[in-house]
Structure formats: structure tokens, C-alpha cells
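A.B. asks: With full-length UniProt numbering applied, the sequence shown has no gaps in its numbers, which climb one by one up to 209 at the end.
Think of the hints as simulated: they come from the structure by calculation, not from any bench.
Everything numeric in this text was worked out from a predicted model, so none of it was measured.
Nothing false has been slipped in among the hints.
No farther apart than 25 Å at their CA atoms in a straight line, the calculated lysine to aspartate or glutamate pairs in the DMTMM-like style are these:
hint	residue 1	residue 2
1	Lys67	Asp94
2	Lys62	Asp138
3	Lys65	Asp94
4	Lys142	Glu186
5	Lys65	Glu190
6	Lys147	Asp97
7	Lys182	Asp97
8	Lys146	Glu186
9	Lys65	Glu184
10	Lys192	Asp57
11	Lys65	Asp138
12	Lys192	Asp105
13	Lys65	Asp97
14	Lys147	Glu186
15	Lys188	Asp57
16	Lys62	Glu184
17	Lys146	Asp94
18	Lys147	Glu184
19	Lys62	Asp105
20	Lys65	Asp105
21	Lys67	Asp138
22	Lys67	Asp105
23	Lys142	Asp94
24	Lys142	Asp57
25	Lys147	Asp94
26	Lys146	Glu184
27	Lys182	Asp138
28	Lys65	Glu186
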Amino acid sequence: MKKAVFIIVALFVFANLQAQEEEEERVYDSTYIDKVKYQQFDESFRVYYIFPGAVGDNVLAKANKAKLGFGMSLSLITVYNFYLNAGLEFSQYDVTDASLAGNIDHTNITNYFGEIMYKIPVYKKITVNPKIGIGYADVRQKTGSKKYGTQSGTSYNAGFNVDYAVTKSFMVFAGLNYSLLKPETETKSEYKSFYGTLHQLNIVVGIKL
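Could you build the full structure based on these sequences and the hints that come with them?
C.D. replies: As C-alpha cells, then:
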């Protein structure tokens with residue numbers, strides 16, 4: 001996970017350097033809504049806290065209790081009001097039913113993703129940003145520093161953010177992120193859906209720079 005964070009930070013620095021070198025056409029009205037029609041690079045960076053949630057008939061929802069989470073994303077390219085983003089989300093759960101999840105303390109989920117987001121100005125300093133994406137999910141079971149199992153697979157993601165522009169370059173936001181996680185699972189066919197199809201519905205709050 002440290003390597004992924006380093007890559008995202010490096011991309012953020014690179015995007016800033018490119019943005020300074022290239023000529024941009026930006027027009028802001030009094031509400032600070034960005035009216036850019038075309039821009040090759042976008043330097044915005046989001047960091048946020050996650051209130052994780054697990055839903056559905058699966059081991060994450062039935063045998064775990066949400067604890068904490070955090071996320072970050074970087075906008076790489078902007079074309080009109082479409083944004084191409086890359087990021088990661090980490091969430092941790094406490095195991096509540098050892099008979100279903102095993103005799104462990106925590107389930108940790110890291111979701112590395114790419115997404116397309118669309119920016120919709122709605123009122124004064126407020127924009128709504130629906131998004132959809134795909135990624136790589138890593139599910140780990142831990143007790144203290146000991147790891148007892150790792151699953152990995154594809155994640156399918158969708159959601160939206162609501163941004164409020166405090167200034168031209170600083171925003172606060174809240175949103176809802178849904179993830180369908182499909183980790184590879186070695187189990188009997190009748191249990192594959194229960195252990196290999198996980199649903200997260202996460203509430204997020206954060207800042208955009």
C-alpha cells in the first residue's frame with residue numbers, strides 16, 4: 001500500500017509541474033465554478049475520511065462491523081467536464097462472528113481504482129460529481145501484526161461527491177461510494193457468492209486541493 005501511495009503522490013507532483021508549463025484557459029465567475037472547456041492536465045487532489053459500510057448477504061456484512069477508513073484520489077486528465085481520476089481507499093472492519101469469518105480480529109480492504117467523473121455545476125459554489133470506475137481490491141485478514149489470509153480481485157465502483165467551493169483552489173466535499181468487490185475465493189460452489197461477492201457502501205467527507 002505504501003508503494004501505491006508513493007505513486008499517487010508522484011503523479012500529483014508531476015501533474016502540477018505540467019500544469020505550470022502549459023498554457024491554460026480558465027474563466028471563473030463570482031461563484032468560483034470552473035468553466036474550463038478543455039485542459040490536458042488537472043492538478044486537483046482529494047483526501048477524505050471514510051465511514052465504511054457493508055451491505056448484502058455476504059461475509060463482510062454478516063460477520064464484520066465497520067471501524068474506520070480513509071481515501072485519496074488524483075485527477076490526471078480533464079476533457080471538458082469529464083475527469084479521469086486514480087486513487088485508493090482503505091477500510092477496516094472488526095470481525096464479530098468467528099464462525100463465518102474465522103478466528104481473527106480485523107478485515108482490511110484496500111481498493112485501488114481508476115474512475116471517470118463528470119462535473120455538474122448546480123448552484124453558486126456547489127457542484128455534483130457522479131462517477132464510475134473499476135479497480136483492484138485486496139482483502140486481508142489480520143490479528144495484530146499477523147496476517148491470516150489474503151484475497152484479491154476486481155472492484156466495480158460508482159458514486160458521487162457534492163463539492164462546496166470555499167475558494168477557487170480549496171473545496172470541501174461529502175459523498176457516497178459504492179463498491180462491488182469480487183475477490184478470488186477457494187471454497188465450495190454454494191459458498192462462493194457469500195465469500196466472493198462483497199458489497200461496500202461508504203460515506204465520505206474530505207477536502208479537495
